[in-house]
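Chains E and P, in that order, give the protein sequences.
Numbering-wise (the working numbering), the first sequence opens with residue 1 and increments by one.
Numbering-wise (the working numbering), the second sequence opens with residue 1001 and increments by one.
Treat the hints with care, as some may be off.
BS3-like mimics (lysine-lysine), calculated; alpha carbons at most 27 Å apart, straight line [to be verified]:
1. P:K1385 with P:K1349
2. P:K1419 with P:K1408
3. P:K1293 with P:K1344
4. E:K303 with P:K1293
5. E:K110 with P:K1094
6. P:K1279 with P:K1187
Computed far set for chain E versus chain P, every beta-carbon distance over 12 Å [as the list claims (entries may be wrong)]:
7. R215
8. I223
9. Q257
10. F277
11. A311
Read the hints as simulated data drawn from the structure, not as lab findings.
Note that this is a predicted model, so its numbers are computed, not measured.
Note that the Cβ used here is the ideal one computed from N, Cα and C, for glycine as well.
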Amino acid sequence: MIREGKFGYHEAISLLVITISIRMALTSPSMVAQLVGTTGWYMTIISALVAAFFFSFTVRLLRRFPHQSFMEIYDEVLGKVVGSLFTLLLTGYLMFMASINLREFTEVMKVFVLPESPPSFIMIVFLICVVVLTLQGLETMARFAKFMVYILGAGFVLVLILSISNYQISNLFPILGYGLDTTMLHGFLRSSYYGEVVLVGVMASSLHGPKEIKRIGNRTLLISGITTSLSLLAFTLVFPYTIAPELVSPMYTMASQINLGEFLQRLDPIFVFLWNFGSFIEVTLLFYCGILTYAHVFNITDKRPLIFPKAVILFCLAIIPDGLSQVEMELVQFTRNWGWVFYFIPPIIVLAVAAIRNKKGGTRGA
Amino acid sequence: MVLKKAVLLIIILLVPMFLTACFDAIEINNYAYVSMLGIDEGVTDKMRITFNIPKFPEKGAPDPDAETREMENITIDAPSLLSGVALINSSIPKILNFMHLKAIVISEDLATSENLGDYIAPLIRYRQIRRNTYVFICKNSARELILDCKPYLDALITESIEELVGRAQYTGFFPELSLGLMYDIIKSPFRQLMVPYAAVNEGETLEDGPPYKGEYLIPGDFYAGDTARKGGQEVEILGSAVLDGDKMVGKLTGFETQMVLLVRNELKRAVFTIEDPEKPGLVIPIECKEFSKPKIKVDLQGERPQIHVELHIEGEMPLIQSRIHYEDPQKQKIIEKAFAEYVKQGIEKAFLKCKTLKSDVFDFGAVSVTQFWTIQQWESFDWIKRFSESELKADVEFTIRRTGKLRKSSPIISTEGKK
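All chains, please: the whole structure from these sequences, using the hints.
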């Protein structure tokens, strides 16, 4: 049996903030620059606000059914069959996200750090770590995230500060990028970037009630909004809008450009450290939530036997894309533009159905 | 129990297989680390690539001088860097590695041939080449320059290159440019490229003859390779190559480059020399260490962009050849005015040259872009084209803060009296 356990506010926020913000380390910023030019740093604030708006419905749903997870609520409101379909939709999407993130990580790793290693080797080593952490359960994962968040935060701030000498204020102009309408549109669509905040609904039984879930969600959005906006701001200040869309990993490139005096240079390893641990936590959480939702649908109480087969499936899914171009231009783009449909819309539908059918949860555990 | 023992035995038997290290491991001494890369126009293929490979100490105690003694230079004609590397890797027992590449030298012929964007810019993609690698354009062939580039005073070659480039901050005679910045600028809609200009100076310009009786010359107002000197490094960096996009269209002298860097606020300290306003023929060096951030305004309302630059400089007067009492606050004003005029004229001269070359190396576009709301508006304005229509007004203020270790100069006394 995997012990899901209980964990607190700080652990949950750490877990979600790392899962959301670490994508800044990969190809996301380039795509943002391609879409909106110089305005990525405030476009992401629009995205966070839209995500907060959508998340408010999730909070309402979880308040209506206190101490129940999404899966239990779906079953209760929609019935076992339709509820299971909704849960399986989430399972599928989480596995899809985990596989894309795993492949994106592998490809970027191959470009910058391990050019000689075959992708399958990188993925297998990574998946072994994912499987080990998954076996430890959600509580261990959350506590590990809390331990890592300070180190990752310090590394992140260090990279931003040491890059100051490469900042060019003029790179922020024209201040409206390709136009306010374009920024608003992509700001809305890319609310998917913050979609993982709804995973509090999947982990609800490990948290301490709807009030705390609301606090966790809102703080997660605030912190990851700030870190993402700061990353994009730094990256916009370093690279002009004509170059930014060309880079595979702008944040890595930014770190590798640090050159202070003749002694402080070649700091990319700091960044590799941030990026590896962050991606590890991100993929593990998505994978774990995928198993949790799947096990719920089929009433599997002991999730351990699922871990290895699911890891094999994850590996197979991740190996399917042709290469980095397909991953970043098609798949990652799809998840950023349409992820909100999978993350935010089902809870809204369920909330609406619950309101129409006047369904409310009990006070279990209250 | 038997099964457990069997499993344990199998594990024990398998463990040694993991102790053999990586079967495809490459040791550090399997690589030949390239420290400089020269690129010329090819003769039998598109590019002529020269690799400068310093020799590292052999096994045993580290030998700090080993790199200074011997270097390998390999030249090859190839269609691209990677194909050149592959060909060389087949003829030497090491693998070429660019992780420690310090500088890329491009020949002037290649830079003027519009092939820079095709041959040099793609190097940025190559994983081993860092964006921090320095870039130079050189007079004549890049191969010759690389052959003449030697470590100075027992330093390592990489150290010598780094320190030579670092001098840019103290003189301003050439800009500091990395491959990454070069790549960013050739694709930028608001600035154009100025690349350090290097040449081999074998001391032929230092002539013997009668004492100089000519007029005052602005120090550094010439190009690399033209300095009248003997000794020191044969490789000299002075002035800059000006590019329009990826094509070299002209050159700025060391002095003109100083003026551009002054406006770009990239000059940290510099020594200028002006002619003594009250005793022509003698000079007064001015050492400037404080440059306030230039105030630049660009008015785009009229037919031609109007650029206004305001500069405030502070400096010292460490040497007065004429012994005129310029330490006196009233007299100081004469020097302050003369120096301000000197800088103003210098900036205008450099600006006119860049205008003729149609290249905004002053980065005035970075100020203009702030007046546009959207990228579409900015790109349709087309600053790069409009720069050559612009007009400049420069206002320079100069304040003397100190006058060296003397507070006045007394006359020299001889049998002919005081002078």
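Quick rundown of the hints versus the structure:
1. P:K1385 with P:K1349: Holds, at roughly 20 Å.
2. P:K1419 with P:K1408: Satisfied, since the Cα-Cα distance of roughly 14 Å is no more than 27 Å.
3. P:K1293 with P:K1344: holds (16 Å)
4. E:K303 with P:K1293: Not satisfied, since the Cα-Cα distance of roughly 64 Å exceeds 27 Å.
5. E:K110 with P:K1094: holds (23 Å)
6. P:K1279 with P:K1187: violated (49 Å)
7. R215: holds (39 Å)
8. I223: holds (30 Å)
9. Q257: violated (5 Å)
10. F277: Given a closest Cβ separation of 22 Å, the condition holds.
11. A311: Check passes; 22 Å lies beyond 12 Å.
Checked against the numbered hints given earlier, the structure breaks hints 4, 6, 9 and satisfies all the rest.
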